Amino acid sequence: DTGVSQDPRHKITKRGQNVTFRCDPISEHNRLYWYRQTLGQGPEFLTYFQNEAQLEKSRLLSDRFSAERPKGSFSTLEIQRTEQGDSAMYLCASSGLTEAGNTIYFGEGSWLTVV
Amino acid sequence: AQSVSQHNHHVILSEAASLELGCNYSYGGTVNLFWYVQYPGQHLQLLLKYFSGDPLVKGIKGFEAEFIKSKFSFNLRKPSVQWSDTAEYFCAAAGGTSYGKLTFGQGTILTVHP
Numbered sequence: 001d002t003g004v005s006q007d008p009r010h011k012i013t014k015r016g017q018n019v020t021f022r023c024d025p026i027s028e029h030n031r032l033y034w035y036r037q038t039l040g041q042g043p044e045f046l047t048y049f050q051n052e053a054q055l056e057k058s059r060l061l062s063d064r065f066s067a068e069r070p071k072g073s074f075s076t077l078e079i080q081r082t083e084q085g086d087s088a089m090y091l092c093a094s095s096g097l098t099e100a101g102n103t104i105y106f107g108e109g110s111w112l113t114v115v
Numbered sequence: 001a002q003s004v005s006q007h008n009h010h011v012i013l014s015e016a017a018s019l020e021l022g023c024n025y026s027y028g029g030t031v032n033l034f035w036y037v038q039y040p041g042q043h044l045q046l047l048l049k050y051f052s053g054d055p056l057v058k059g060i061k062g063f064e065a066e067f068i069k070s071k072f073s074f075n076l077r078k079p080s081v082q083w084s085d086t087a088e089y090f091c092a093a094a095g096g097t098s099y100g101k102l103t104f105g106q107g108t109i110l111t112v113h114p
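Protein chains in written order, with our numbering: chain A, 1 to 115; chain B, 1 to 114.
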């Protein structure tokens, strides 16, 4: 499968613990995005990278959240001191800079449950 | 503020019925519009997109959408639904130079009975 892959697919953690999600985009895609989706809502934009540069961050991304894309390939999203309100699906997506129409391809997401 | 709203939370149809899902957006400037579908247990997939040109856009699996600028709408249509169209459908919009920063609607769950 050459789509966007995310790991882990599911994570249950206790409140206050740190969690990290990994995303491997489609190879050669320059842009990588993180979204968050809660039950009954559409995805909400969190942040995006062009190569290794983080170009935009949503105000939804509190100080407890940090995203990296150190070599311009895979990306990690870390949540420190998790809270119950962080329970959601975290979606990664990627797109090619030169692709016509710049279609964004989504991964299957990482479910986070904070208990 | 940029926003996308979908009119129906849950639509229930019988096979062969026609489908229209409403989507309205509020965006300043040039807007690009999308419809995504999420089948149970699967990732979001692009159905169709509008960037410019012909306001009637045809997508995969027999879906189409019409961009009506005067009504700020981008409704999704299919003349005859199938049981396999059961899924959640999301309308999304992005500013002209922000292709990746999508604003999604709340989603519409479509249930098609055989």
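These aren't lab readings, by the way, just hints derived from the structure by calculation.
Just so you know, not all the hints are guaranteed correct.
[As the list claims (entries may be wrong)] Mimicking DSSO-like on lysine-lysine, the simulated pairs with C-alpha atoms at most 27 Å apart in a straight line are: (1) A:K11 / B:K58; (2) B:K101 / B:K61; (3) A:K57 / B:K61; (4) B:K101 / B:K58.
[As the list claims (entries may be wrong)] Partial chain B-side listing against chain A, Cβ under 10 Å, derived: (5) L13; (6) I68; (7) N75.
The model shown is predicted, which means the values in this text are computed figures rather than measured ones.
Ideal placement from N, C-alpha and C gives every residue a C-beta, glycine not left out.
Results for each hint:
1. A:K11 / B:K58: Violated, at about 38 Å.
2. B:K101 / B:K61: The given pair, whose Cα atoms are some 26 Å apart, holds under the 27 Å limit.
3. A:K57 / B:K61: 35 Å, violated
4. B:K101 / B:K58: 23 Å, holds
5. L13: 21 Å, violated
6. I68: Check failed: Cβ of I68 of chain B comes no nearer than 20 Å to chain A, outside 10 Å.
7. N75: Since the shortest Cβ distance to chain A is 17 Å, the answer is violated.
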